[in-house]
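There are 2 protein chains.
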Amino acid sequence: MMSRRIVLLTEGHSEPHAAKTACSLLRYRGEEVVAVLDSTQRGKPVASALGVGTPLQFVGSLEEAPEADTLLIGIAPPGGRIPESWRPVVLDAIGRGMNVVSGLHDFLADDAEFAEAARRHGVQLVDVRRNNFREIARYVPLRRESLRILTVGHDCSVGKMVTAIETTRELERRGEDAYFIATGQTGIMVSGDGLPVDCIVSDFVSGAAEHLVAKHQERDYLVVEGQGSLVHPSYSPVTLGLIHGARPQGMIFCYEIGRETITGIPHLPIPPLDEIMRLNEQVASVLHPCRIIGFAINGRLVGPERTDEECRAIEERYGLPACDVLRHGAAKLADAACQLRQELLSSAR
Amino acid sequence: MMSRRIVLLTEGHSEPHAAKTACSLLRYRGEEVVAVLDSTQRGKPVASALGVGTPLQFVGSLEEAPEADTLLIGIAPPGGRIPESWRPVVLDAIGRGMNVVSGLHDFLADDAEFAEAARRHGVQLVDVRRNNFREIARYVPLRRESLRILTVGHDCSVGKMVTAIETTRELERRGEDAYFIATGQTGIMVSGDGLPVDCIVSDFVSGAAEHLVAKHQERDYLVVEGQGSLVHPSYSPVTLGLIHGARPQGMIFCYEIGRETITGIPHLPIPPLDEIMRLNEQVASVLHPCRIIGFAINGRLVGPERTDEECRAIEERYGLPACDVLRHGAAKLADAACQLRQELLSSAR
Chain A
1011 MMSRRIVLLT EGHSEPHAAK TACSLLRYRG EEVVAVLDST QRGKPVASAL GVGTPLQFVG
1071 SLEEAPEADT LLIGIAPPGG RIPESWRPVV LDAIGRGMNV VSGLHDFLAD DAEFAEAARR
1131 HGVQLVDVRR NNFREIARYV PLRRESLRIL TVGHDCSVGK MVTAIETTRE LERRGEDAYF
1191 IATGQTGIMV SGDGLPVDCI VSDFVSGAAE HLVAKHQERD YLVVEGQGSL VHPSYSPVTL
1251 GLIHGARPQG MIFCYEIGRE TITGIPHLPI PPLDEIMRLN EQVASVLHPC RIIGFAINGR
1311 LVGPERTDEE CRAIEERYGL PACDVLRHGA AKLADAACQL RQELLSSAR
Chain B
1011 MMSRRIVLLT EGHSEPHAAK TACSLLRYRG EEVVAVLDST QRGKPVASAL GVGTPLQFVG
1071 SLEEAPEADT LLIGIAPPGG RIPESWRPVV LDAIGRGMNV VSGLHDFLAD DAEFAEAARR
1131 HGVQLVDVRR NNFREIARYV PLRRESLRIL TVGHDCSVGK MVTAIETTRE LERRGEDAYF
1191 IATGQTGIMV SGDGLPVDCI VSDFVSGAAE HLVAKHQERD YLVVEGQGSL VHPSYSPVTL
1251 GLIHGARPQG MIFCYEIGRE TITGIPHLPI PPLDEIMRLN EQVASVLHPC RIIGFAINGR
1311 LVGPERTDEE CRAIEERYGL PACDVLRHGA AKLADAACQL RQELLSSAR
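Chains as they are written, first to last, in the numbering used here: chain A, 1011 to 1359; chain B, 1011 to 1359.
By construction, these hints were calculated from the structure, which means they are not laboratory data.
Note that beta-carbon positions come from the ideal geometry of N, C-alpha and C, so glycine has one too.
Keep in mind that a hint or two might mislead.
Chain A is nowhere near these chain B residues, computed Cβ spacing over 10 Å in every case [unchecked claim]:
1. G1022
2. H1023
3. R1037
4. V1044
5. P1055
6. W1096
7. E1123
8. R1130
9. V1133
10. E1155
11. R1184
12. D1208
13. S1216
14. C1348
15. R1359
Label pairs and their in silico Cβ distance ranges [claimed, not checked]:
16. B/H1277 x A/K1054: 56 to 62 Å
17. A/L1354 x B/H1027: 35 to 41 Å
18. A/R1153 x B/D1120: 33 to 39 Å
Given these sequences and hints, build the entire structure.
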């Protein structure tokens, strides 16, 4: 991916949950971000609203931003639609010769006004979710020396992408041959590769996961970004497509302390963690042995002290490493991945 | 659905597995079928090749068929493509003013030559798999008095649609208020209603199943056509979408005696039935209690005697009814559904 000069658009939605795409770009592609645009936050430090983004301050318009070549839509709302109030900003960007990148279900290029403006100004509209992937999973042979780790969780938006990226980066820092497999729009924007599995026709969703791990199987470690949760009735098919398509030998279980009901379905309690963990292991192990190798615990709602306590309690209870990857790093998870790979290589001998 | 006069096209593929769409139309919409077209079988009894279709004989061309208003593509190949050799027959049908109905992944209406011919002759090209369904499952409240039964199985193409239709019809014969929920192209062609869940974007597949059961929840019995299998890595996401979207309280487990490897993946053995049954019950019961209430056993590979033995053995082993719905009818399965509904109504009091 060529280096870009990006303005992130978070207009009216500058908080970590709604603007999770913007946060991830700031965290993992920060060197490319020249400004964050939210006229309602103009002049304030970006980090005070999003938790990342030092030393940037919000700008109120493209006029105020440093020169840039890309406008990137920084939110991923459930409906997938572009707020109508953003239309003038998108058109302004196109008029300035900037490409526009979006991960929404509503495609920019399908909007007649945007498409016409882009044609006139010779810029690209990049819809990260658009794809025409149409291959079923065929359970192709995969290289034995390639360890596949998938992040799973008790719900959506708990840190599965961040955990996968942090674990990959920690492995790389140690000189291991590791690769992050992006499966969602934000992961794809960060890595410049991957497939948006939640936007693929259901007959082909496990095929897409298989395609990605097969394509990169020359690497020693593939860390696959998980999606949804096996117990979330809206998204469980996508989760299962990743489990049966990517065929992980190990999983990292991600959860947020204090979350009690399933995202978007406030009348449905999240089942006990033990039950969710067992279900993930059973469903994955239908095809070949697969087990949870560690925990990534998100302490956003409860703060550091309570999170550290939880990590200690979980380690004691399961005899597996547990950490908050944003504060502790992913060293323990990388250790667990290395250990599992050694184990599989020795047993293969 | 208005009554039609249908010619089924099975050219060169007149055997029960490849032509399963044709077989189901003959079985459940036989009164509408005026001819079956396969020039390689011309003059032979249809039933000798397909096992259903008495008293029809194959015709070699549309010229030889009785007057008809619809050509229906009678096969559903894995690739989803229309064989090139069928092109002249489809164009001939359009030229005669017939509508053409297809359940393939390749859409007739996206073919420039077919589309232009259809426009010129004023006929419809009906692509049953085409849809633009885009709603996530929201776990909406469902009427307690509506019993939802889903057919599941150990693999694909084992009789999940036939079992669902036979069970619905048996309930109707008893005067019960039962409805068949079609979820695949053949079921939709038979019932004139439903959604092709395997062709829906993966984020919305459980939403589609929920939409169908919510729409018909005024009925006392909804019998939902299952798809794929939880242990088939190519199709398990679709299967799970039905389980978590349709939220059955009971499941009928369908399997074929003698099938040893997963369809399309000859190097992958089918896991033991016990394991598959347990997995289905666990995955379904994450949301609310759900259990297997009976077995539909397909004896195509082994014949009646061996099948009857298997039914007796399974009934003894699990204490649940087992039958071959095509030979025995679905009386035992209808009994089990009535019994479960009574049980749920009493416990709700």
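Hint by hint, here is what the structure shows:
1. The claim that B/G1022 lies off the interface holds: its Cβ sits roughly 23 Å from the closest Cβ of chain A, which is beyond the 10 Å cut-off.
2. Under the 10 Å C-beta cut-off, the non-interface status given to B/H1023 relative to chain A holds; the minimum distance is some 20 Å.
3. Separation of B/R1037 from chain A is adequate, the least Cβ-Cβ distance of about 25 Å exceeding the 10 Å criterion.
4. Every C-beta of chain A lies more than 10 Å from that of B/V1044, the closest at about 32 Å, which supports listing it as non-interface.
5. Here B/P1055 stays apart from chain A, with its beta-carbon at least about 35 Å from theirs, past the 10 Å limit.
6. Against chain A, the non-interface label of B/W1096 holds: every CB pair exceeds 10 Å, the least being about 20 Å.
7. Non-interface status of B/E1123 relative to chain A is upheld: no Cβ of that chain comes within 10 Å, the nearest being about 21 Å off.
8. With 10 Å as the threshold on Cβ separation, the claim that B/R1130 sits away from chain A holds: the shortest Cβ distance comes to roughly 29 Å.
9. The beta carbon of B/V1133 sits about 27 Å from the closest Cβ of chain A, which is more than 10 Å, so the claim that it is off the interface holds.
10. For B/E1155, the non-interface assignment is confirmed: its Cβ lies about 20 Å from the closest Cβ of chain A, beyond the 10 Å cut-off.
11. Against the 10 Å criterion, B/R1184 stays outside the reach of chain A, whose nearest CB is about 32 Å from its own CB.
12. For B/D1208, the shortest C-beta to C-beta distance to chain A comes to about 4 Å, within the 10 Å cut-off, and the non-interface label is violated.
13. Listed as outside the interface, B/S1216 is inconsistent with that label: its C-beta sits roughly 6 Å from the nearest C-beta of chain A, within the 10 Å cut-off.
14. The Cβ of B/C1348 sits about 27 Å from the closest Cβ of chain A, beyond the 10 Å cut-off, so the non-interface label holds.
15. Here B/R1359 stays apart from chain A, with its beta-carbon at least about 23 Å from theirs, past the 10 Å limit.
16. In this structure the hint that B/H1277 and A/K1054 lie 56 to 62 Å apart at CB holds, the actual value being about 59 Å.
17. Remark: the range hint 35 to 41 Å for A/L1354 to B/H1027 is upheld by a beta-carbon distance near 38 Å.
18. Remark: the range hint 33 to 39 Å for A/R1153 to B/D1120 is upheld by a beta-carbon distance near 38 Å.
Checked against the numbered hints listed earlier, the structure breaks hints 12 and 13; every other hint is satisfied.
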